[in-house]
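Okay, here's what each chain looks like letter by letter:
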Amino acid sequence: MPAKSLEAQVRHQPAVSIVDLHGEINAFAEERLNAAYAEAESNSPELILLNFSDVDYINSTGIALIVSLLARARKSKRRLLACGLSDHYVEIFQITRLVDFMNVFPDEKSALAS
Amino acid sequence: MATLLERFRQRRIGQGKRESQMIRMPGGELSRQVASPAIDIAPNDPIVAYFLSAPGAVEIDKLHLESPALRALRAAGVKLVVPLVSQGELVGLLNLGPHLSEQDYSTDDRVLLNNLAIQAAPAVRVAQLVREQQAQVRARERIEQELRVARLIQQTLLPKDLPAIPGWRLSARYLPAREVGGDFYDFLYFEDGRLGIVIGDVTDKGVPAALVMATTRSVLRSAAQRLISPSLVLERVNDSIYDDIPPKMFVTCLYALLDPATGRLQYANAGHDLPYRRHKGGVSELRATGMPLGLMPGMSYEEKETLLEPGENILFYSDGIVEAHNPERDMFSFPRLMELVGKHADAGTLIDFLLAELATFTGPDWEQEDDVTMVTLHRSEGYGVSEISTRSSMRLEEKAGNGDNNNGDWRTLAEWTLPSEPGNDRLAMERVAEAVQPLNLPKKRLEELKTAVAEATMNAMEHGNHYQPDVLVSVQVLASQKALAVRIRDQGSGQPIPSPEEPDLEAKLAELQTPRGWGLFLIKNLVDDMRITSDETHHTVELIINLVEGDSHAS
Numbered sequence: 001m002p003a004k005s006l007e008a009q010v011r012h013q014p015a016v017s018i019v020d021l022h023g024e025i026n027a028f029a030e031e032r033l034n035a036a037y038a039e040a041e042s043n044s045p046e047l048i049l050l051n052f053s054d055v056d057y058i059n060s061t062g063i064a065l066i067v068s069l070l071a072r073a074r075k076s077k078r079r080l081l082a083c084g085l086s087d088h089y090v091e092i093f094q095i096t097r098l099v100d101f102m103n104v105f106p107d108e109k110s111a112l113a114s
Numbered sequence: 001m002a003t004l005l006e007r008f009r010q011r012r013i014g015q016g017k018r019e020s021q022m023i024r025m026p027g028g029e030l031s032r033q034v035a036s037p038a039i040d041i042a043p044n045d046p047i048v049a050y051f052l053s054a055p056g057a058v059e060i061d062k063l064h065l066e067s068p069a070l071r072a073l074r075a076a077g078v079k080l081v082v083p084l085v086s087q088g089e090l091v092g093l094l095n096l097g098p099h100l101s102e103q104d105y106s107t108d109d110r111v112l113l114n115n116l117a118i119q120a121a122p123a124v125r126v127a128q129l130v131r132e133q134q135a136q137v138r139a140r141e142r143i144e145q146e147l148r149v150a151r152l153i154q155q156t157l158l159p160k161d162l163p164a165i166p167g168w169r170l171s172a173r174y175l176p177a178r179e180v181g182g183d184f185y186d187f188l189y190f191e192d193g194r195l196g197i198v199i200g201d202v203t204d205k206g207v208p209a210a211l212v213m214a215t216t217r218s219v220l221r222s223a224a225q226r227l228i229s230p231s232l233v234l235e236r237v238n239d240s241i242y243d244d245i246p247p248k249m250f251v252t253c254l255y256a257l258l259d260p261a262t263g264r265l266q267y268a269n270a271g272h273d274l275p276y277r278r279h280k281g282g283v284s285e286l287r288a289t290g291m292p293l294g295l296m297p298g299m300s301y302e303e304k305e306t307l308l309e310p311g312e313n314i315l316f317y318s319d320g321i322v323e324a325h326n327p328e329r330d331m332f333s334f335p336r337l338m339e340l341v342g343k344h345a346d347a348g349t350l351i352d353f354l355l356a357e358l359a360t361f362t363g364p365d366w367e368q369e370d371d372v373t374m375v376t377l378h379r380s381e382g383y384g385v386s387e388i389s390t391r392s393s394m395r396l397e398e399k400a401g402n403g404d405n406n407n408g409d410w411r412t413l414a415e416w417t418l419p420s421e422p423g424n425d426r427l428a429m430e431r432v433a434e435a436v437q438p439l440n441l442p443k444k445r446l447e448e449l450k451t452a453v454a455e456a457t458m459n460a461m462e463h464g465n466h467y468q469p470d471v472l473v474s475v476q477v478l479a480s481q482k483a484l485a486v487r488i489r490d491q492g493s494g495q496p497i498p499s500p501e502e503p504d505l506e507a508k509l510a511e512l513q514t515p516r517g518w519g520l521f522l523i524k525n526l527v528d529d530m531r532i533t534s535d536e537t538h539h540t541v542e543l544i545i546n547l548v549e550g551d552s553h554a555s
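Each protein sequence line maps, in turn, to chains A and B.
To convert, note that position 4 of the first sequence is 4 in the numbering used here; the numbers rise steadily by one, no gaps.
To convert, note that position 536 of the second sequence is 536 in the numbering used here; the numbers rise steadily by one, no gaps.
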C-alpha cells in the first residue's frame, strides 16, 4: 500500500486559524503538518483549530507530532483545539490524555462557538 | 419568413468516432415543420470542407461539387444551408427549404440566418459535449459496477481460512488485477483428514470469468466428495462444465490431494502451470498432463503421486506472476520463478519473498495485467517447528484459560509477512481487519484492534527490523471460541522490548522529553492483553481480544 500523504489547508479568520487536514497523520506527515501549523500561526491568532474530519489514520508517530504542536502552542500561549475526530480517535486522545490539554469538539461549528 | 428547419444527421467529424448523432432543431413554427430524410454526411465528403470555409448561408442550387450529401440535400428539397461551425468544427446544419413566398431569400434573411447560426453553433456544440460526457460517465459506471460484481464473486468464493494441520503449513495469496481475472484456489476438507488443494485460472476476465470460476469451483467440490482420485475428479468436472461454459472459454486447474499423516500427495492437472517442489536436491516441477477443463468432452487426465518429505514445500501459482512484464516488456518467466523458489529457504515467507521480487522486477508503476495467485504447502521439518507451535498454543490456552479442554482449539485465520517499510503498519491493520471479518467484532473493538496491530507492526519494523525492507515482520491471526490473538514477530535480537509505561505528557509538553513513545502504551490500553516474548532472534508481541462478553477490557 503506497503511503498516503497528508494534505493541509489553512483558513485564516479573525482571531482563529483553521487547519483542515486530509489523509494520514504518520511519520510522512511531519513536514506538511509543521508547515501548516507555522502558516496558521503567521497572523498570530488566539486559537488554532485542527480539523480532523477528513483524517482516516493517526498512528503513534502522528500522536507525537500533535504533542509537539501542542507544546508549541502552549509556549506561545495559544489555544489549540481539535474537531472532527472519529469516535475511535477521540478514544485515542483520551487514552493519551491529549484531551486534558486541548479541547476536542465534534465539529468546526461547535469548536468556533466555544 | 418561411424557414424550414429540418432535422438532419451528421457524422461527427475529425474525432474518428463511430457513433452518429441525431440533432433536432426545434422550429419556431411547429406547424410548418416538415420532416425530411435524415442526411448523413461522411467525414470525407468535400461538402464538409466547403461548409467549413463558407462564410454564412450557402445556396444549394448554386453548388457544384461531387458530393453525396449535396445530392441528398437537393433531394430533400433544401435550398439554403447555414453551416453551424464551432471552433473550426462543423457541428450541424441549418437547412431551409424554398421561401413560402416563392421568392429568393433576401440579404436581410441571410443576415438574420447568419446571426442565428453564430449564436446557435456554440450552444449545439455544448449540448453535444454534454451528451457525450453523459454517455461516457454511464459507460464508466457500468464498467466499474461490473468490476465490483466480479471482485465480489471472486472474494466471496475464495477460502476465508487457511487449513491448520499439525506438521503442515499452508499460505495463500490472491491479488486481483483491476479487471479481475478468473483465478481461484480452494481447500477441501475430508473426514479422513485428507486435504484437497485446488488452484485454477479461467480464461477471460470480469464477470464472465468470475461466473465460470464459481461454477467450476462448486462442480469440483461436489465431484471431489464423491470421487477420490484427482484424475477422475477432473474428468468429471470437465464433462460437467463442457456444456455450460461459453465457447472459447476454458479453465486450467490443478487438483492435489494430500494425506497429511503420510505426506502422500496425489495430483492431476488440467493444463495449469506446473507447481514447483523445493526439495533437498533443488527444485522440480510436478508434472501431469491433461487438457484444460471445458474445451472438449470425454478427456482423461494423468494422475501422479509423490511423497513430500519434511522440509519440502510446493508452490502452486497462476500465470499472473510468470507473465508479468517489466517496463522493458520482458516477462518474469517460469525460469526466474523456479530459480527464486530454489533460493528461498523459508517456506513461511516464500510468497512474500516472491511478491517482493515481482515488485522489484515490474517497478513501481506496474499496472497488474492479470490476477496473481499463489498457494504454498510446506511440510514442517521435524520436531522443532511443531514444538514451537505447541508451545505457543499452550501459552494461548493458558491465557484464555478456564480449565476447559476445548480451549486449545485455536485456528489460524491468516498469516503472512511483510517487508519493513514505512507505511506498512497501515497494511498490516487492514489485513488483520480482513482476516477477523468472520468474527464480526463490534466496530469499536475492531478499531481498537486495528490501531494496536498497526502500532505493534510499526514497533517491529522500526525497533526490531530497523526498517530494512528485506527483513520481514510476520503476522499471525488466530481465533478460538473465546478469544482472538494476533502475533506480530520481528527479527530483532538483543534489546528486549521494554514494558509499557504511561508516558509523561506534561514533561513532553514542556519539551523536557521527546514527544514520541506512545506505541506500547496505546497497545496496552486497546487490547485485553498484550504479551511480549523475546529470544535471541525474535521479539513477539501477542495481542489478545476476548470474544466472550464481559471479559473485555474496561475502556
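The set of hints was computed from the structure by calculation and includes no laboratory data.
Among these hints, one or two may not hold up.
[Stated by the list, open to error] Capping the alpha-carbon separation at 20 Å, the derived lysine to any residue pairs in SDA-like fashion look like this:
no.	chain 1	residue 1	chain 2	residue 2
1	B	Lys524	A	Gly84
2	B	Lys524	A	Asp54
3	A	Lys75	B	Ala49
4	B	Lys444	A	Ile95
5	A	Lys77	B	Leu129
6	A	Lys75	B	Lys443
7	A	Lys77	B	Lys443
8	B	Lys443	A	Asp56
9	B	Lys444	A	Ser53
10	B	Lys444	A	Lys77
11	A	Lys77	B	Lys62
12	B	Lys443	A	Ser53
13	B	Lys443	A	Asp54
14	B	Lys444	A	Asp56
15	B	Lys444	A	Gln94
16	A	Lys77	B	Lys524
17	B	Lys443	A	Gly84
18	A	Lys77	B	Glu506
19	B	Lys444	A	Asp87
20	A	Lys75	B	Lys524
Here is what the structure says about each hint:
no. : hint               : in the structure
1   : B:Lys524 / A:Gly84 : violated, 25 Å
2   : B:Lys524 / A:Asp54 : violated, 27 Å
3   : A:Lys75 / B:Ala49  : violated, 74 Å
4   : B:Lys444 / A:Ile95 : holds, 14 Å
5   : A:Lys77 / B:Leu129 : violated, 56 Å
6   : A:Lys75 / B:Lys443 : violated, 38 Å
7   : A:Lys77 / B:Lys443 : violated, 38 Å
8   : B:Lys443 / A:Asp56 : holds, 15 Å
9   : B:Lys444 / A:Ser53 : holds, 18 Å
10  : B:Lys444 / A:Lys77 : violated, 35 Å
11  : A:Lys77 / B:Lys62  : violated, 86 Å
12  : B:Lys443 / A:Ser53 : holds, 18 Å
13  : B:Lys443 / A:Asp54 : holds, 19 Å
14  : B:Lys444 / A:Asp56 : holds, 15 Å
15  : B:Lys444 / A:Gln94 : holds, 14 Å
16  : A:Lys77 / B:Lys524 : violated, 33 Å
17  : B:Lys443 / A:Gly84 : holds, 18 Å
18  : A:Lys77 / B:Glu506 : holds, 15 Å
19  : B:Lys444 / A:Asp87 : holds, 8 Å
20  : A:Lys75 / B:Lys524 : violated, 31 Å
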